[in-house]
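Colleague: Chains A and B, in that order, give the protein sequences.
Following my numbering, the residues of the first sequence are numbered contiguously, the last one being 384.
Following my numbering, the residues of the second sequence are numbered contiguously, the last one being 322.
Calculated directly from the structure, the hints in this document are not laboratory data.
Quick reminder that beta carbons are idealized off the backbone N, C-alpha and C, glycines included.
Be aware that a few hints might be false.
For the chain A half of the interface with chain B, some residues (derived, Cβ under 10 Å), not all of them [to be verified]: (1) L37; (2) A39; (3) K106; (4) Y108; (5) E109; (6) A111; (7) V140; (8) F155; (9) E157; (10) K244; (11) I293; (12) F334; (13) V337; (14) L348.
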Amino acid sequence: MTKTKEEKRDAIIAACCIGAFYVLILILEAVVPATHILFSILKKSAVYSLAAVSMNLLNGFTGLFSLGQAGFMLLGAYTYAILNMPTELKLGTSVYKYYECAIHFDMGFLPSLLLAGVIAAVFAALIGIPVLRLKSDYLAIATLGFAEIIRAVFQWEALGPVTNGANILSGFTDLNHIYIPFTKIAIPPTFFVMLLSGICIAIVLLLINSSFGRAFKAIRDDEIAAEAMGINLFKHKEMSFIISSFFAGISGALLAMYQFTVKAATFKTAMTYEILLIVVIGGIGSISGSCIGSFLFIACNEWWLRFLDESSNNIAGLNIFRSGFRKVVFSLIIMVIVLFFRKGLMGDKELTAKNVRQFIAGKKSEKKAKGGEKA
Amino acid sequence: MSLFQTWLPYLLAGISVGGQYALIAIGYTMVYGILRLINFAHGDVFMAAGLIMVYLSTALPLWIAIPLTLALTVALGFLIERAAYKPLRSAPRMSVMISAIGVSYLIQNCALYFTGGLAKVYPPIPWISDTVEVFGAITKRVTLITPILSLFLVVALVLFIKKTKVGIAMRAVARDFEASQLMGIKINSVISATFVIGSLLAGVGSLLYFSNYASVTPTSGGMPGLKCFVAAVFGGIGSIPGAVIGAFIIGICENVIKGLGWTTFSDAFTFALLIVILLVKPTGLFGEKSTDKV
Chain A
10 MTKTKEEKRD AIIAACCIGA FYVLILILEA VVPATHILFS ILKKSAVYSL AAVSMNLLNG
70 FTGLFSLGQA GFMLLGAYTY AILNMPTELK LGTSVYKYYE CAIHFDMGFL PSLLLAGVIA
130 AVFAALIGIP VLRLKSDYLA IATLGFAEII RAVFQWEALG PVTNGANILS GFTDLNHIYI
190 PFTKIAIPPT FFVMLLSGIC IAIVLLLINS SFGRAFKAIR DDEIAAEAMG INLFKHKEMS
250 FIISSFFAGI SGALLAMYQF TVKAATFKTA MTYEILLIVV IGGIGSISGS CIGSFLFIAC
310 NEWWLRFLDE SSNNIAGLNI FRSGFRKVVF SLIIMVIVLF FRKGLMGDKE LTAKNVRQFI
370 AGKKSEKKAK GGEKA
Chain B
29 MSLFQTWLPY LLAGISVGGQ YALIAIGYTM VYGILRLINF AHGDVFMAAG LIMVYLSTAL
89 PLWIAIPLTL ALTVALGFLI ERAAYKPLRS APRMSVMISA IGVSYLIQNC ALYFTGGLAK
149 VYPPIPWISD TVEVFGAITK RVTLITPILS LFLVVALVLF IKKTKVGIAM RAVARDFEAS
209 QLMGIKINSV ISATFVIGSL LAGVGSLLYF SNYASVTPTS GGMPGLKCFV AAVFGGIGSI
269 PGAVIGAFII GICENVIKGL GWTTFSDAFT FALLIVILLV KPTGLFGEKS TDKV
């Protein structure tokens with residue numbers, strides 16, 4: 010497949026934009042104080058965009074409505090935390106207060122991160138064999154059930170020597186303690202987490218544009234037709250499920266790094282629902298939509314709508330603005346999107362140089378048409 | 029005898045919870061039968077009914093508060109259907125399910141806003157909240173009333189569906205959505221009736237459930253909701269007797285597991301059961317074509 014001149018130019022523009030974006034993040038981190046809320050929003054949305062992209066791979070590209078994301082994130086987070094926590098800390102009493110830790114080794118940051126993904130993927134492979142035979146909403150409820158089972162198992166007392174029961178895990182390498190190899194220079198945390206999730210999302214993007222990705226989309230559009238064209242349904246569904254869970258596991262590990270501690274009780278179905286809503290806001294079937302959606306979701310939820318919670322905004326004794334009001338407004342906005350803008354921000358389109366150009370050209374011609382009407 | 033004495037409390041609690049689950053599960057199974065939609069918001073309607081009761085009972089005497097709670101719950105169910113599901117009638121099933129999840133998110137956040145995130149103490153209802161002794165096991169009277177009341181309501185509902193015009197319309201719509209529309213059945217009013225009945229039963233269920241558990245939090249609807257859906261699937265989705273039997277089995281098993289000291293797994297067990305039933309017999313216990321799909 011030879012690329013036309015225009016495609017090449019678009020690729021260069023896209024690469025430059027991404028490069029400029031990362032440079033901007035680096036500059037921001039150097040200029041703005043690290044305690045600014047912007048960074049915690051950016052970090053969290055980087056983690057959630059990877060989770061959302063992994064869910065989108067299943068829901069948007071393969072047409073498998075799975076609600077097990079929180080379970081795989083939990084697996085990833087726990088694997089990372091347990092493997093990466095220094096051995097002295099495991100044997101001490103500050104983290105494992107009620108149990109004697111059964112794991113007497115620790116690993117570097119990268120191997121633990123990779124294994125976090127691998128463990129989640131292995132579990133997905135096992136779960137996928139029975140579950141992927143189910144259709145649409147049965148699949149949704151079965152994967153949701155598996156996520157709940159995983160959560161219960163990780164809180165089980167008998168596994169305490171490994172998982173620390175229902176207590177929190179902490180002390181592993183977090184985002185603020187990542188150094189450039191062989192030096193003592195810390196990598197800016199926001200830049201680092203964005204880079205990692207960016208790499209993972211790029212891998213998913215490459216996969217979607219490969220022949221596997223085309224097979225996934227064929228399954229989504231029509232299972233029977235896809236099978237008739239020689240696509241092995243189970244094999245491809247299982248593969249999509251495993252890959253999605255791998256990245257969900259990694260995003261779980263990143264979430265652990267972001268919030269310094271891990272606790273099984275936080276990986277509830279509500280978390281899966283949040284990720285699903287991010288995917289819907291961004292557009293089911295759009296990778297760049299998921300990234301933008303997760304930023305908007307996190308920023309609205311935790312930052313931009315915060316003024317709604319301030320009781321000082323109340324006028325004339327009305328007690329409307331108080332803690333929690335922002336969430337009500339926010340969920341109303343989400344309902345409006347779900348009901349009236351079902352395609353989300355991006356629909357199933359991607360944010361590419363070509364589409365942006367077409368969009369701008371479309372706007373211009375619209376304006377011209379409107380101008381013509383007026384005249 | 030001593031074995032009986034140790035297990036009796038768990039069995040009683042199981043039957044009681046089973047009855048409460050049955051009332052909620054009917055809402056799931058009826059909606060699924062007609063719309064093919066897992067109404068994720070149903071568990072939250074159940075929780076909302078609990079909160080409405082808490083707030084109403086502080087201002088009004090109980091004999092007004094209870095009927096008013098039921099009326100408001102019914103109104104809520106009706107409103108949800110009209111606002112969030114009706115506009116999506118021709119949309120793909122996934123969109124409707126996402127809308128249901130959105131509604132669930134909205135109700136939970138509203139509850140969080142009104143309660144400030146605190147657990148609200150459920151008002152004791154005289155007579156049914158009294159403690160009684162059964163074969164040496166001490167329990168609340170609600171435990172004994174629940175199974176009787178649930179079975180009574182279920183029989184009434186089955187009769188309603190078999191005999192009345194609306195019931196017959198419901199069965200027709202469940203069997204074939206489009207054909208019944210062509211036959212002149214007003215689809216929208218039938219669906220609304222389904223939601224009204226489902227919410228009413230969820231309201232009754234919440235009265236019984238929270239009398240037993242004494243406090244309501246914004247998230248206390250989620251888990252019972254999911255379990256009741258599992259009960260509906262277990263019994264064969266679309267079948268009312270199936271949902272009731274499934275609910276009783278899940279309620280009893282859950283409490284027996286708690287009695288064995290495996291409390292952590294009481295929720296997980298429900299989902300394990302779901303996965304087993306989906307793999308072995310996806311139609312559920314009574315999911316054959318011959319049963320009434322409503």
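Colleague: Now, for every hint given, state plainly whether the structure supports it.
Modeller: Quick rundown of the hints versus the structure:
1. For L37 (chain A), the shortest C-beta to C-beta distance to chain B is roughly 31 Å, which exceeds 10 Å, and the interface hint is violated.
2. With 10 Å as the threshold, the beta carbon of A39 (chain A) stays out of range of chain B, its nearest partner Cβ sitting at about 37 Å, so the hint is violated.
3. At about 18 Å, the closest approach between the beta carbon of K106 (chain A) and any beta carbon in chain B exceeds 10 Å, and the interface hint on this residue is violated.
4. For Y108 (chain A), the suggested interface contact is broken, since its CB lies about 15 Å from the closest CB of chain B, more than 10 Å.
5. A hinted interface residue such as E109 (chain A) counts as satisfied when its beta carbon comes closer than 10 Å to some beta carbon of chain B; here the least separation is about 20 Å, so the hint is violated.
6. At a threshold of 10 Å, the smallest CB-CB gap from A111 (chain A) to chain B is about 19 Å, leaving the interface hint violated.
7. Taking 10 Å as the C-beta contact cut-off toward chain B, the hint placing V140 (chain A) at the interface holds, the least distance being around 7 Å.
8. Interface restraint check for F155 (chain A): the shortest CB-CB distance to chain B comes to about 7 Å, inside 10 Å, so the restraint holds.
9. Proximity of E157 (chain A) to chain B holds as hinted, the smallest CB-CB distance being about 5 Å (cut-off 10 Å).
10. Here the hint on K244 (chain A) is broken, as its CB sits about 19 Å from the closest CB of chain B, past 10 Å.
11. Hint status for I293 (chain A): holds, given a least beta-carbon distance of 8 Å to chain B, under 10 Å.
12. With its C-beta approaching chain B no nearer than about 6 Å, F334 (chain A) sits inside the 10 Å limit, and its interface hint holds.
13. Hint status for V337 (chain A) relative to chain B: holds, with the closest Cβ pair at about 5 Å, below 10 Å.
14. The criterion of a C-beta within 10 Å of any C-beta in chain B is met by L348 (chain A), whose closest approach is roughly 6 Å, and the hint holds.
In summary, the numbered hints that this structure violates are 1, 2, 3, 4, 5, 6, 10.
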